[in-house]
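Undergrad: What follows is each chain in one-letter form.
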Amino acid sequence: MKWLAYGAACAVSLAGASALAQKSAADAIADYRASLQDGNPADLNAARGAALWNKARGPKNASLQGCDLGKGPGVVAGAAASLPRYFADADAVMDVESRLVHCMVTLQGFKREELTAKPYSSDGQKATEIEDLVAFLYDESRGMPIAVPTGHPKEQQAYQRGKQIFFFRAGPYDFSCASCHSADGQRIRLQDLPNLTKTAPAQAAFAAWPAYRVSQGAVRTMQWRLYDCFRQQRMPELKYLSPASVDLIAFLGVNANGGKMAAPSIKR
Amino acid sequence: MADPMRIRAQAQGDKTTVRVLMAHEMESGQRKDSAGKVIPGWYITEVTAQHNGKTVLSAQWGGAVSKNPYLQFSFKGGKAGDKITVTWVDNRGESRSDEAVIA
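Protein chains in written order, with UniProt numbering: chain A, 1 to 268; chain B, 1 to 103.
To be clear, the hints were calculated from the coordinates, so they are not data collected in a lab. Hints are supplied without guarantee of correctness; some may be wrong.
As the list claims (entries may be wrong) - PhoX-like, lysine-lysine: derived pairs with alpha carbons at most 25 Å apart:
| no. | chain 1 | residue 1 | chain 2 | residue 2 |
| --- | --- | --- | --- | --- |
| 1 | B | 15 | B | 83 |
| 2 | A | 198 | A | 267 |
| 3 | A | 126 | B | 67 |
| 4 | B | 67 | B | 32 |
| 5 | A | 126 | B | 32 |
| 6 | A | 154 | A | 198 |
| 7 | B | 67 | A | 267 |
| 8 | A | 71 | A | 260 |
| 9 | A | 126 | A | 239 |
| 10 | A | 126 | B | 37 |
| 11 | B | 67 | A | 118 |
| 12 | B | 83 | B | 54 |
| 13 | A | 55 | A | 118 |
Just so you know, these numbers come straight off a predicted model, no measurement behind them.
Make a model of the complete structure from these sequences and hints.
TA: See the structure below:
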């Protein structure tokens, strides 16, 4: 029935073609995404990720099927929607990507430095294993409610630190995340910027990452999204899986609680 | 070995709609690398779709089709449970064939 609904959406947008002149840039971008969502290449990444997940690999020749993402060993469905959370075995708050790397190190025997040396693919290159696996993990949480926990003291600390980082102004531009993301109606060129301090925009933003970036021909993960925001602010590099990155994701996730996961989505 | 395609087929009345997402680089053969050398073309040249063994779509493609092509088509006939097979061949002679069942 999904494609029927999509067909209906097409008919509506055609009927509205006469009103094209009044259409805002945001509407046009939304239409563009809707027209591509059905053939989202991230689905291919998720399929590759599923194969990687189930395959025995690494020095220990083990699969990731025993990985505990917070819902018990081997439970993948819905796990990404309730991360970051505190893990007693690592005594740390972890997001999807840091937990994935943790499992690849502890279960499969990979070296952490090798896994994190190049987590993102370059333009035109094949997706990295981490990108494929992350696409798979989020795909398994599609439609699930976002439920990032705050029960544990370390989870609360992560949220508070994330909040501090979000509002911390620094760098040559004297920017913070909040400079762009704490007011309504802000934009960079044509791109509307969500006000991440409000529930609805935070839910929409958190639910939509990771995403397939058409302009880059690649799946981009949540860690990449934050890394790139830091780069755009001319901040020092946000290190992959660093506590600061997990804290920020925890802050965004808690703000987005109650929303519905829709990742991997598609972006321009 | 190329990655699998994602095929979804749905029958409604006497019409079946098939949606296929293929994993392929689709290098056009027109681009140059950073050293100025032309990157050799690598793209799908033939696509065939069969319904219970009978060809319902046959297409010839070139380098102008996008990376990871998405193809949607419909044909008359077909009912839930029938088999759809989609096959592509690229200019290197590699091919990939995947099956799906009509929902």
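Undergrad: Compare the structure with each hint and give your call.
TA: Hint check:
Among the hinted pairs, residue 15 of chain B with residue 83 of chain B is consistent with the structure: their alpha-carbon atoms are about 15 Å apart, no more than 25 Å. With a CA separation close to 21 Å, the supplied pair residue 198 of chain A and residue 267 of chain A stays within the 25 Å bound. The hinted pair formed by residue 126 of chain A and residue 67 of chain B meets the criterion: a straight-line CA distance of about 12 Å does not exceed 25 Å. For the suggested pair residue 67 of chain B and residue 32 of chain B, the alpha carbons sit about 16 Å apart, so the restraint of at most 25 Å is met.
Proximity of residue 126 of chain A to residue 32 of chain B is assessed by CA-CA distance (about 18 Å); at most 25 Å being required, the pair is judged to hold. Between residue 154 of chain A and residue 198 of chain A the CA atoms are separated by roughly 23 Å; this keeps the pair inside 25 Å, and the hint holds. For the suggested pair residue 67 of chain B and residue 267 of chain A, the alpha carbons sit about 16 Å apart, so the restraint of at most 25 Å is met. Proposed proximity of residue 71 of chain A and residue 260 of chain A is supported: the alpha carbons are some 18 Å apart, at most 25 Å.
Restraint check: the Cα-Cα separation between residue 126 of chain A and residue 239 of chain A comes to about 22 Å, which is no more than 25 Å; the hinted pair holds. Of the supplied pair hints, the one linking residue 126 of chain A and residue 37 of chain B holds, its CA atoms being roughly 20 Å apart against a limit of 25 Å. With a CA separation close to 23 Å, the supplied pair residue 67 of chain B and residue 118 of chain A stays within the 25 Å bound. For the hint linking residue 83 of chain B to residue 54 of chain B, the alpha-carbon distance of about 10 Å falls within 25 Å, and the restraint holds.
The straight-line distance between the Cα atoms of residue 55 of chain A and residue 118 of chain A is roughly 21 Å, inside the 25 Å bound, and the hint therefore holds.
In this structure, every one of the numbered hints holds.
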